[in-house]
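For reference, the chains in residue letters:
Protein chains: 2
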Amino acid sequence: MRKSIATVSLSGSLPEKLTAVAAAGFDGVEIFENDLIAAPLGPGDIRDRAADLGLTIDLYQPFRDFESTSEKALAGSLRRAERKFEVMEQLGADLLLVCSSTSPDAPEDDDLTAAQLRLLAERAGAHGIRIAYEALAWGRRVNTYDHAWRIVEAADHPALGTCLDSFHILSRGSDPGGIEDIPGEKIFFLQLADAPLMAMDVLQWSRHYRCFPGQGGFDVAGLAARAVRAGYRGPLSLEVFNDVFRQADAGRTAVDAMRSLLSLEESAGIASPPAPVVPSGVAFAELAAADTEPLRALLGALGFARTGRHTGKPVELWEQGEARVLLNAAGADRREGPALAALGLETPDPAAAVRRAESLLAPVLPRRRAPRDAQLDAVAAPDGTELFFCRTGRPGHPDWRTDFTDDPGAPDGGGPGAAHGVTRIDHVALTQPWHHFDEASLFYRSVLGLRPDESMDLADPYGLFRSRAVANSGGTLRIALNVAPGPGGRETRPQHVALATGDIVATARRVRERGGALLPVPGNYYNDLDARYDFPPGDLDTLRELDILYDRDEYGEFYHCYTATVGRVFFELVQRTGGYRGYGAANATVRLAAQHTAELRAGTAR
Amino acid sequence: MRKSIATVSLSGSLPEKLTAVAAAGFDGVEIFENDLIAAPLGPGDIRDRAADLGLTIDLYQPFRDFESTSEKALAGSLRRAERKFEVMEQLGADLLLVCSSTSPDAPEDDDLTAAQLRLLAERAGAHGIRIAYEALAWGRRVNTYDHAWRIVEAADHPALGTCLDSFHILSRGSDPGGIEDIPGEKIFFLQLADAPLMAMDVLQWSRHYRCFPGQGGFDVAGLAARAVRAGYRGPLSLEVFNDVFRQADAGRTAVDAMRSLLSLEESAGIASPPAPVVPSGVAFAELAAADTEPLRALLGALGFARTGRHTGKPVELWEQGEARVLLNAAGADRREGPALAALGLETPDPAAAVRRAESLLAPVLPRRRAPRDAQLDAVAAPDGTELFFCRTGRPGHPDWRTDFTDDPGAPDGGGPGAAHGVTRIDHVALTQPWHHFDEASLFYRSVLGLRPDESMDLADPYGLFRSRAVANSGGTLRIALNVAPGPGGRETRPQHVALATGDIVATARRVRERGGALLPVPGNYYNDLDARYDFPPGDLDTLRELDILYDRDEYGEFYHCYTATVGRVFFELVQRTGGYRGYGAANATVRLAAQHTAELRAGTAR
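These protein sequences, in sequence, are chains A and B. Counting in UniProt numbering, the first sequence runs from 1 upward without gaps. Counting in UniProt numbering, the second sequence runs from 1 upward without gaps.
Be aware that one or more of the hints could be misleading.
Since copy identity is lost for identical chains, a pair holds within one copy or between any two.
[Said to hold, decoys possible] Under the rule of at most 25 Å between Cα atoms (straight-line distance), these lysine to any residue pairs were calculated in the SDA-like manner:
id: 1; residue 1: K313; residue 2: P536
id: 2; residue 1: K313; residue 2: N328
id: 3; residue 1: K313; residue 2: L203
id: 4; residue 1: K186; residue 2: L458
id: 5; residue 1: K72; residue 2: P536
id: 6; residue 1: K186; residue 2: Y555
id: 7; residue 1: K72; residue 2: Y580
id: 8; residue 1: K186; residue 2: A225
id: 9; residue 1: K313; residue 2: P294
id: 10; residue 1: K313; residue 2: A297
id: 11; residue 1: K72; residue 2: R424
id: 12; residue 1: K72; residue 2: L529
id: 13; residue 1: K313; residue 2: R226
id: 14; residue 1: K72; residue 2: A531
id: 15; residue 1: K72; residue 2: Y533
id: 16; residue 1: K186; residue 2: A154
id: 17; residue 1: K186; residue 2: R601
id: 18; residue 1: K72; residue 2: N328
id: 19; residue 1: K186; residue 2: G269
id: 20; residue 1: K72; residue 2: P398
id: 21; residue 1: K313; residue 2: V364
Derived from the structure by calculation, the hints contain no laboratory data.
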């Protein structure tokens with residue numbers, strides 16, 4: 001279907017917004033009146049600019065507080081409407097959004113409202129303009145879509161139809177089922193917005209927290225499907241008021257918006273992009289560092305062995321069980337200090353995964369490989385992390401490991417398959433740019449077919465941060481997305497790789513024996529564990545001795561400990577028992593404070 | 001009264017918080033359990049640290065979900081409590097906050113709850129510890145202070161009392177009148193927090209948006225006065241969960257917190273600091289710039305005349321009517337480009353104003369003056385602006401203008417008293433640091449006795465910003481405090497000086513004639529004005545010709561226009577008719593977009 005977006009959804013001046021909208025591939029725009037009023041170009045110039053960019057102007061909005069019990073106010077509104085019709089003629093827009101009145105003098109009488117809207121439609125029709133009447137969730141008398149439709153039906157004028165807005169409908173908990181009873185040709189417009197589920201004043205919720213479909217908690221796709229089943233054939237149009245998007249780069253937000261609509265069309269059964277190819281696990285984590293020696297020492301202490309060197313690049317392969325880490329001594333100038341630069345994702349069909357990613361506007365990265373290298377396709381995640389689609393060790397498929405020569409220099413006691421060692425990568429945690437947290441969760445959900453968990457607020461000593469995990473259904477691929485409290489210097493916080501082990505006590509002990517340092521956990525934490533849980537004798541002493549943290553949920557238990565931080569990277573060892581689903585969020589405050597203490601001490605020691 | 005603060009109110013590690021609390025002059029702290037658990041020091045070390053800093057530990061908190069219909073859960077809670085009593089003994093804390101249960105298994109039976117709390121108090125008493133039972137606003141069964149008190153009364157144990165929390169009481173709209181019916185000795189603790197009036201889920205409101213008393217919308221002082229009348233003699237203690245304070249400098253937040261309590265004591269009639277000396281107007285605005293030539297040109301075009309030069313510093317005095325601007329060519333290194341560095345405040349009693357400021361912890365600035373200079377006391381506002389207390393032109397009082405020699409070089413047509421020119425400074429607008437917006441409104445309210453307006457959200461092309469004005473009761477001193485959408489580079493946005501005129505059309509025309517540039521306003525704005533208002537013929541053309549913006553409220557009308565921006569400063573010309581009370585907020589979006597357009601054009605032209 002045609003795709004449109006309201007200019008209020010994006011940051012910048014109106015010309016900047018139009019450029020971003022066109023570049024993202026939209027067919028049209030809704031012109032938000034305040035954007036036009038503040039624009040340095042007149043309506044005719046905007047019309048030309050939009051036409052040059054290949055955009056239609058699908059809607060002019062909003063026209064507020066039209067209907068009234070006061071004859072004088074109504075006359076004023078009609079005069080106001082005539083002026084707006086003139087502007088719309090210059091703009092080349094033929095559909096005006098009229099939202100239900102929020103004024104105390106809004107008529108209680110539906111017949112009066114219908115008569116007034118018929119009068120407005122009559123005037124509009126004389127200009128070739130149509131009116132789409134919408135119920136605001138906080139409208140004074142008319143605040144549900146079915147009420148707005150009853151009035152439109154009663155007014156019975158060809159230039160009058162209704163506008164459906166998913167936020168106004170779903171935020172009130174209205175049943176969208178009735179949409180299918182509205183004749184499709186009388187649904188003049190369909191505005192789509194999602195929002196996180198929040199218990200707050202609906203006006204504030206609407207004005208500050210809307211997000212693109214698929215980023216919040218509403219079934220926006222289901223609502224759109226109903227409108228299509230009713231016969232709606234106009235554009236799918238996004239109208240999102242969001243405090244973060246207002247500050248973000250418009251071009252990038254517009255792409256995020258388009259990805260949202262493409263994904264919605266798939267969910268609603270309107271379009272069929274290439275199906276998602278859900279990754280089954282992490283093939284490798286690639287760490288980039290100009291000086292890889294501290295990471296080598298850390299991996300050695302963790303029991304990893306260097307098993308290969310890349311044939312053409314300064315990249316080493318380290319392995320233990322199914323956990324694989326690449327150390328890349330080139331390209332580390334992208335971030336300060338050692339950083340998590342790329343992930344290999346174990347994918348049943350890499351070529352299909354790339355097709356899926358391309359169809360959802362994920363930036364496909366150019367292949368930089370020597371003629372001998374295995375073919376490896378990659379896309380860039382919203383935080384810049386490169387995601388490679390891999391098939392490891394499957395006969396008949398290219399294997400990225402063939403780019404590495406065997407390295408006989410494995411240290412004693414380490415290496416793949418060692419008893420009680422690391423078995424695989426349990427999850428990775430990536431710090432997201434502040435402006436692109438919602439974009440990231442939609443990216444992983446739509447491009448990779450992962451399922452997002454609920455967002456959580458976690459406290460570190462210097463502010464709350466938000467965390468949201470995405471995972472495949474089996475829990476064999478898990479990525480935790482973290483975002484700092486606000487834009488600024490704190491966005492470059494550490495990322496980490498969590499390594500699974502079947503016996504964390506043995507593994508942690510061996511790390512210590514090999515000279516690896518584990519993050520010291522405060523003794524007060526263990527006193528609190530003792531108060532909260534009744535451990536068997538000795539167990540708590542072991543946790544305390546090895547700085548292992550503990551959590552449980554209704555499904556099982558979680559034990560985890562941390563290494564020191566190198567640059568922007570650290571490792572976590574985790575052991576899950578039963579079906580524990582989380583990531584130890586209950587311990588995040590203690591871990592972050594302990595890392596802060598360690599930083600302070602290191603700072604003093606230097 | 002003794003003053004205390006919960007460690008959760010501040011940013012940083014527990015030792016950092018204690019240091020900040022002591023430095024701000026608090027007597028004690030509430031230890032928030034998570035701060036202790038995450039601390040690198042054990043309870044005994046924290047006890048010693050607090051004692052060294054002269055702080056008592058007034059409360060350990062919170063102990064959650066104690067009461068239960070399940071015998072097994074109750075036994076677990078009692079075991080948990082015993083562990084916490086041990087921690088408290090090491091801490092030297094003898095009061096534990098127990099908040100009402102949020103669990104589905106909380107007893108419905110008040111007698112059972114009372115019996116369980118009596119049992120807990122008995123156990124606590126054996127350790128010399130007392131229990132303060134508090135109703136959470138979102139408690140499952142017990143969620144009002146009077147309900148909590150009825151249970152405490154029924155339990156009737158000397159080691160059991162109640163804790164009152166102003167947020168929990170006032171957020172639910174409870175009548176605090178009943179506080180005076182509680183025997184003072186059974187009010188074991190009083191926690192104070194304010195919050196902006198918001199319609200949202202009370203748990204989220206409490207956890208993210210609390211602020212210090214005097215910064216929100218609750219009558220916290222009135223509630224505290226009732227507790228004191230009831231006979232409460234414990235500390236006034238702040239417990240504030242605030243996402244911004246979590247990120248702000250702890251030392252500064254602690255001073256803000258103490259200022260809040262000092263102001264609350266005054267409002268509650270508990271203490272009598274020196275009375276506020278409310279300024280009656282702006283004596284001068286001081287602009288600092290390394291190169292003052294562009295500002296000279298702008299002031300000249302606005303009709304100002306240079307009337308004096310400072311006898312000892314590179315400072316010029318420019319005047320028109322009662323509006324006075326100082327141009328300071330020294331000290332401009334504090335900010336980038338020309339900036340508003342200081343305000344002279346017309347004050348009936350400068351010495352008393354300083355005593356007031358000192359009593360409320362405002363940083364009094366050292367006097368840097370030559371022997372001949374007039375005595376002029378100043379304090380630093382939260383954004384660093386220097387506020388000088390002045391009496392201008394009153395016989396028998398030192399006049400700051402005596403530091404300036406007369407300058408005969410006034411340009412033609414300008415100068416004081418010119419017909420239809422600028423008469424006075426209407427208001428100034430100051431951009432606040434993001435972390436200190438609430439601090440600023442409390443500062444102006446408490447230190448200067450100004451009244452804050454409601455906060456408003458305004459849209460600029462790149463994000464919402466918040467604006468809150470403070471003014472004296474006659475409206476002769478008005479300061480608009482603006483804050484950027486988030487921390488980072490956008491905090492250094494322009495500040496401005498608004499100049500009053502009795503005939504903005506004549507004044508704007510003369511500015512143009514003198515070669516001054518006014519900010520171009522988009523033509524679309526005037527088309528919208530035409531749609532909204534029915535102007536007499538010709539009036540709108542005049543506004544359009546002179547780029548004058550228009551607003552009205554129920555009291556009167558407002559006309560205003562803007563100069564170009566120089567560095568971080570621009571001027572506004574304003575004409576108020578009737579009793580218009582605002583600042584033209586309805587036009588802020590258009591003004592900000594126009595300034596952005598002008599910046600782009602200037603950037604292209606350079």
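Here's how the hints hold up against the structure:
For the identical chains of this complex, K313 and P536 are neighbours neither inside a copy (51 Å) nor across copies (77 Å), given an alpha-carbon limit of 25 Å. For a Cα distance limit of 25 Å, the shortest separation of K313 from N328 inside one copy, 8 Å, qualifies, whereas the shortest one across copies, 59 Å, does not. In this homomeric assembly, K313 and L203 never come within 25 Å of each other (Cα to Cα): the closest approach is 56 Å inside a single copy and 54 Å across copies. Taking the closest pair of Cα atoms, K186 and L458 never come within 25 Å of each other, the shortest separation being 47 Å inside a single copy and 35 Å across copies.
Taking CA atoms no more than 25 Å apart as the test, K72 paired with P536 passes between copies only; the shortest distance there is 18 Å, against 80 Å inside one copy. In this homomeric assembly, K186 and Y555 never come within 25 Å of each other (Cα to Cα): the closest approach is 50 Å inside a single copy and 43 Å across copies. Proximity of K72 and Y580 under a CA criterion of 25 Å is satisfied inter-copy only: 24 Å between copies versus 66 Å inside one chain copy. In this assembly of identical chains, K186 and A225 lie within 25 Å of each other by CA distance solely inside one copy; the values are 16 Å within and 61 Å between copies.
For the homomeric pair K313 and P294, the shortest alpha-carbon distance inside one copy (19 Å) is at most 25 Å, but the shortest distance between copies (57 Å) is not. Only within a single protomer do K313 and A297 lie at most 25 Å apart by alpha-carbon distance; the minimum there is 21 Å, versus 62 Å between protomers. With identical chains, the CA atoms of K72 and R424 are never at most 25 Å apart, being 74 Å at best within one copy and 39 Å at best between copies. In the homo-oligomer, the alpha carbons of K72 and L529 lie at most 25 Å apart only across protomers (18 Å), although the nearest pairing inside one protomer, at 70 Å, exceeds that limit.
When the C-alpha separation of K313 and R226 is checked against a cutoff of 25 Å, the pair qualifies neither within a copy, at 54 Å, nor between copies, at 74 Å. In the homo-oligomer, the alpha carbons of K72 and A531 lie at most 25 Å apart only across protomers (15 Å), although the nearest pairing inside one protomer, at 71 Å, exceeds that limit. For the homomeric pair K72 and Y533, the shortest alpha-carbon distance between copies (13 Å) is at most 25 Å, but the shortest distance inside one copy (71 Å) is not. With identical chains, the CA atoms of K186 and A154 are at most 25 Å apart within one copy only, with a shortest distance of 12 Å there and 65 Å across copies.
Proximity of K186 and R601 under a CA criterion of 25 Å is satisfied in neither setting, with 68 Å inside one chain copy and 45 Å between copies. When the C-alpha separation of K72 and N328 is checked against a cutoff of 25 Å, the pair qualifies neither within a copy, at 74 Å, nor between copies, at 55 Å. Taking identical chains as interchangeable, the C-alpha atoms of K186 and G269 lie at most 25 Å apart only when both belong to the same chain, with a minimum of 22 Å there against 64 Å between chains. Within a single copy, K72 and P398 get their C-alpha atoms no closer than 77 Å, and across copies no closer than 59 Å, so neither meets the 25 Å cut-off.
Taking the shortest alpha-carbon separations for K313 and V364, only the intra-copy value of 21 Å comes in at or below 25 Å, while the best inter-copy value is 62 Å.
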